[in-house]
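Enquirer: Work out the full structure, taking the sequences as your base and the hints as a guide.
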Amino acid sequence: MLSRVADSLYWLARYTERADNLARLVEVNLQLLLDFKDLDNDKLKEHWDPVIRSTGDEERFYELYDEANSQTVTDFLTFNRENPNSVIGCISAARENARMIRDQISSELWETLNNLYLFLKSNDAKHIWEHSGAYEFYDHIKDHSLRFQGLVAATLPRDECYDFMQFGRFIERADKTTRMLDIKYHILLPSPSDVGGAVDTAQWVALLRAASAYDAYHAQYLANIDPANVAEFLIFSDTFPRSIRYCVTQINARLHNISGCPWGSYSNEPEKLCGKLMSDLIYSNVQDVIGFGMHEWLDQCQERLNEISQATYQTYMFQKPIDLAEEIQQQQQQQQ
Amino acid sequence: MDLSAYQTDGFFDEMFSAPGVVRPHYQKVMERLQSLNLQDFEQKQQAVDLLFLRAGVTFTVYSDNQGTERIFPFDLMPRIIPQGEWEFLERGLKQRIIALNMFLHDIYHDQKILKDGVIPPSYVLSAKHFRREFVGSDVPKDIYIHICGSDLIRDKDGRYLVLEDNGRCPSGVSYVLENRQAMRRAFPNLFPTAGVRPVENYAEKLLKMLRNIAPRGQDNPTVCVLTPGVYNSAYFEHCFLARQMGVEIVEGRDLLVRDFKVYMRTTKGLQQVDVLYRRIDDDFIDPSVFRPDSMLGVPGLVNAVRAGNVALANSIGTGVADDKVMYYFVPKMIKYYLGEDPILDQVETYLASEDKDRQHILANLDKLVVKSANEAGGYGMLMGPWAEKEEIERFRVEIERNPRNFIAQSPISLSRHPTWTPETEQFEGRHIDFRPYILYSGPDDISIIPGGLTRVALKRGSLVVNSSQGGGSKDTWVLYGNE
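Here the protein sequences line up with chains A and B, keeping their order.
Take 27 as the starting number for the first sequence in our numbering and just add one per residue.
Take 2 as the starting number for the second sequence in our numbering and just add one per residue.
These aren't lab readings, by the way, just hints derived from the structure by calculation.
Worth double-checking, as some hints may not be accurate.
Unchecked claim - A short, non-exhaustive set of chain A residues, derived as facing chain B with CB atoms under 8 Å:
no., residue
1, S29
2, M126
3, R128
4, D129
5, E137
6, L144
7, M304
8, S305
9, Q345
10, I354
11, Q357
Unchecked claim - As a list, the in silico DSS-like pairs of lysine-lysine whose alpha-carbon atoms are at most 27 Å apart:
no., chain 1, residue 1, chain 2, residue 2
12, B, K460, B, K368
13, A, K346, B, K262
14, A, K302, B, K269
15, A, K147, B, K45
16, B, K95, B, K29
17, B, K157, B, K142
18, B, K460, B, K157
19, B, K142, B, K129
20, A, K346, B, K269
21, B, K113, B, K157
22, A, K147, A, K168
23, B, K336, B, K95
24, B, K129, B, K113
25, B, K29, B, K142
26, B, K269, A, K298
Cβ coordinates follow ideal geometry from the N, Cα and C atoms, glycine included.
Expert: As structure tokens, this is what we get:
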């Protein structure tokens, strides 16, 4: 496979996954506000600031808007093209990548993505806010995103193309799970027993819903919502497909599929880094994370995911840029 | 739908031999149309437009910085060619492509046609796209034009005329295949009864032709489509063909030449490429030989071609055959190389560089169509009868200054075809042309896809069919029989 194509497949998958996560994050937080009493500007800011921070684009947000409220955040995270990490920014970028490599993916996959793009282009925040309603809108995005994932599963051969796409998807998903947990990190400090109260429970439920983990969580933990259990579930579950451990296991599997190197050993830098992270996730638990400092642990995890994707880029996708002038000169000498 | 009020206005009409008299090969379509009401028809048209938009069958217009994507307007009324007419066209097109390939081989080798005085040598040697550095170079199987898309028109008597030969990188074939698919969805029941020849195996034939020119007699050569990139207006087509053939689509930056061999840069290292279906013009294909500022090409590609390590389709240097001055000589080429009379006629042409012709041109600028020798897409053209006085004078100065760059033709009253006009909610006559696609693997192995791209000038009275200037397209049916 061309290195450039591998790069596009990786970004295609990352951007669609990112858009999907954003849609759920915004929707759940909009829902959450419905349970608050006496909302004023300060409370709204308090609510939305961590959400913006979790996307890593806080600075850009305050360059574009004066205050954080439901409408500005919705606009920023969904429609604003000046934010490349908005839903429409992500879907446009995913579509551009897909356009470059249309020959590699099924036409159904392309059409689903293109339909979503056309749908987003024909909407804006004001319209959603005043007419059609946010719930239906984000539902529509999630629907397309799930269809996209279903088509990846149902129409792509299990070859290098699939491996690079799934690699990108799980890198993004693991990263997003760390960021969603980070929104609530302060509650877990210093000790999980300090937390309580109705609003907090609502916040943790929202977190689980944003990760589409609410039902799966309840199937595993029969008791009430407990912050430490939620963290354990989203980090360490070996069966839930959005937990960090599950994602890293998938990343590891894709890397070994691509190289053909058996599990338990490594043939290149990304495999080595990923193997280490996976073993840390297998051989630690939520108490270790809390002891280390949840925020610091999540930060470090993001950093390690970054290193894995950087190393993968270097190994498979990066090609030394051609120095045209030098190349031309060399070829002209051979002509003489 | 009612076509009883349809007017032919004195033009040759593809569907009606006279007002109210439908030609036999359009009878079945006519019956189907009559069974539809306006609402059904408009619904079908909308469904088809949406289909194209969703599938991303679009071209990009760069008039604004967003790079707007548009669909190529598609008209539901098919253009139909009966078997007898098609066989005649096939014979004529085959004869023409054989002669063009013989001509290109000749001028890049012995130049007999010039030495025998059939074509004045200066015309060839001064042609913009003549690549003198390739004189004496061999190309695989002596084939220069592998893929050709000659443009055909019909005059007021329905006579087919060749308007130009596109022997470089003719585009549009993806629309032939997409249009057919759209028609099948819109009128699924019509096809089994109408006796329409399928076009779907084009990609298969294209791949077979490309594998046929692989160097080193390889059984399983690596074939790639070389594209200028995602910002090229025909990128959709490049991708479409690569996907249908199951080959990689590459850009210049994906390729590298080492030791006179072409490699692509893959996740598993360098992999050698044997055949390139290139959709980049000569000028941009190798900055070490042609335009040094080209960022699209591959330095050293020409070295690899000369060393016989990679084959190109089409070969380098075919652009000379697209020169409109060369067009004038094609009937003479056919006679010279094949000893035959041309089967297909072409438009009567005057050369501005011939004294007698030039006098005729300059005296009749307001009656003639003047064309630059090397422009395409409807640019660099003077439509005398419809032009403003200043424009005519501008061309007069240009022609006198650089006669080699101009030819002139009498305007042809292009045939018309019933075409849906949303404004009036009825069918009206619109001018059309036709581009068939020819795959050439040698004089005895030529295949022409039974169909082609019918372009239609959607504006009333307009003769310009180009997609960039208000043109649309129709599905083109070639029938098994004559009705």
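Enquirer: Are the hints correct? Go through all of them and say.
Expert: Checked hints:
1. With 8 Å as the threshold, the beta carbon of A/S29 comes within range of chain B, its nearest partner Cβ sitting at about 5 Å, so the hint holds.
2. A hinted interface residue such as A/M126 counts as satisfied when its beta carbon comes closer than 8 Å to some beta carbon of chain B; here the least separation is about 5 Å, so the hint holds.
3. At its closest, the beta carbon of A/R128 sits 4 Å from a beta carbon of chain B; the interface hint therefore holds under the 8 Å criterion.
4. Proximity of A/D129 to chain B holds as hinted, the smallest CB-CB distance being about 4 Å (cut-off 8 Å).
5. For A/E137, the suggested interface contact is upheld, since its CB lies about 5 Å from the closest CB of chain B, less than 8 Å.
6. The restraint placing A/L144 at the interface with chain B holds, with a minimum CB-CB distance near 7 Å, inside the 8 Å limit.
7. Given the 8 Å rule on beta carbons, the hint for A/M304 is violated: about 22 Å separates it from the nearest Cβ of chain B.
8. The beta carbon of A/S305 comes no nearer than 26 Å to any beta carbon in chain B, farther than 8 Å, and the hint placing it at the interface is violated.
9. For A/Q345, the shortest C-beta to C-beta distance to chain B is roughly 5 Å, which falls under 8 Å, so the interface hint holds.
10. With a cut of 8 Å, the hint placing A/I354 at the interface with chain B holds, because the nearest CB-to-CB distance is about 4 Å.
11. Taking 8 Å as the C-beta cut-off, the interface hint given for A/Q357 holds, the closest approach to chain B being about 4 Å.
12. The hinted pair formed by B/K460 and B/K368 meets the criterion: a straight-line CA distance of about 22 Å does not exceed 27 Å.
13. For the hint pairing A/K346 with B/K262, the CA-to-CA distance comes to about 19 Å; that is within 27 Å, so the pair holds.
14. Of the supplied pair hints, the one linking A/K302 and B/K269 holds, its CA atoms being roughly 24 Å apart against a limit of 27 Å.
15. At most 27 Å may separate the alpha-carbon atoms for a hinted pair to count; A/K147 and B/K45 meet this at roughly 24 Å.
16. With a C-alpha separation of about 30 Å, the suggested pair B/K95 and B/K29 falls outside the 27 Å cut-off, and the hint is violated.
17. For the hint linking B/K157 to B/K142, the alpha-carbon distance of about 41 Å lies beyond 27 Å, and the restraint is violated.
18. Under the criterion of a C-alpha separation no larger than 27 Å, the hint pairing B/K460 with B/K157 is consistent with the structure, at around 19 Å.
19. For the proposed pair B/K142 and B/K129, the alpha carbon gap of about 25 Å is at most 27 Å, so the pair holds.
20. In summary, the hint linking A/K346 to B/K269 is supported, as the alpha carbons are separated by about 14 Å, within the 27 Å threshold.
21. For the suggested pair B/K113 and B/K157, the alpha carbons sit about 38 Å apart, so the restraint of at most 27 Å is broken.
22. For the given pair, A/K147 sits about 16 Å from A/K168 by alpha-carbon distance, which is consistent with the 27 Å threshold.
23. Restraint check: the Cα-Cα separation between B/K336 and B/K95 comes to about 14 Å, which is no more than 27 Å; the hinted pair holds.
24. Under the criterion of a C-alpha separation no larger than 27 Å, the hint pairing B/K129 with B/K113 is consistent with the structure, at around 20 Å.
25. For a cut-off of 27 Å, the pair hint linking B/K29 to B/K142 is broken: about 44 Å separates their Cα positions.
26. Between B/K269 and A/K298 the CA atoms are separated by roughly 19 Å; this keeps the pair inside 27 Å, and the hint holds.
In summary, the numbered hints that this structure violates are 7, 8, 16, 17, 21, 25.
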